[in-house]
Amino acid sequence: MEKKNLDFDLAQIFETFHLVEADKRQDLENWVAANYELDAFEQQIVNDLHEDISLTSDHMNEEELKAKLVSLIFYVSKIQVQKKIMVFYERALSGVVENTSLSVICDCMVASPIVGTPKYPYFFLQEFKKKKGEKKDPEAQMLMAMLIAQQKKQDNKTIYGGYLVGTSWKFTTLSQNEYCVSRIFEATNKNDLIQIIFILRKLKEIILNR
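Residue numbers (the numbering used here): 38 to 247.
There may be inaccurate statements among the hints.
Unchecked claim - Distance ranges between label pairs, derived from CB positions:
1) F51 <-> L75: 35 to 43 Å
2) Q80 <-> E135: 41 to 49 Å
3) L92 <-> K120: 34 to 42 Å
4) D89 <-> E135: 39 to 47 Å
5) I151 <-> H96: 34 to 42 Å
6) I142 <-> K121: 19 to 27 Å
7) K190 <-> S138: 12 to 20 Å
Hints are computed from structural coordinates only; laboratory data are not their basis.
Being a predicted model, the structure only gives us computed values, none of them experimental.
C-beta: ideal position from N, C-alpha, C; glycine also.
Start from the sequences and build out the full structure, keeping to the hints where you can.
Printed below as a string of structure tokens:
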């Protein structure tokens, strides 16, 4: 059978791979309810970050959001673990899922590393600065990456994801054909900003305990 190619269209992805959107999943609820503590140094970084993005986020482009927001959030989350967990940016990912060719550039990927390259991906984050006339769908790109990872891993374990529209974050899980999406976490809200950091710390715990 000839392989098909698929566009970044969320409805088409759902139909092609027979996905269902769950209203609630315990793995997602446990993940986004993560609770930790920030030390004084981390709290100061959060305060400075919150002040900066509250003043400038409306004028940031996608690369500035990555440099000023995403990278600092990952830094404070302390997600990286030498030889076990690494954050990668702008990495290509491709595969064939149910005879359909999928290919995406992952804005951000958390994976186990091998010689400085991603080996086993666990989490995908697609970033998006909404612009007039912009057509790309960060959720569709993220979900496509999750499907590729699910196919490559073949272990029936949950794949984790997230996507941004400006400073608004949503987190997602894909377990077999069940896809679930969290509420919006708004990084310009300090409580939500801290919770985003805690969610990423929880992700590290989930990965290390697999």
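Okay, the hints, checked on the actual structure:
no.: 1; hint: F51 <-> L75: 35 to 43 Å; verdict: 38 Å, holds
no.: 2; hint: Q80 <-> E135: 41 to 49 Å; verdict: 47 Å, holds
no.: 3; hint: L92 <-> K120: 34 to 42 Å; verdict: 38 Å, holds
no.: 4; hint: D89 <-> E135: 39 to 47 Å; verdict: 44 Å, holds
no.: 5; hint: I151 <-> H96: 34 to 42 Å; verdict: 39 Å, holds
no.: 6; hint: I142 <-> K121: 19 to 27 Å; verdict: 24 Å, holds
no.: 7; hint: K190 <-> S138: 12 to 20 Å; verdict: 18 Å, holds
In this structure, none of the earlier numbered hints is contradicted; all agree with it.
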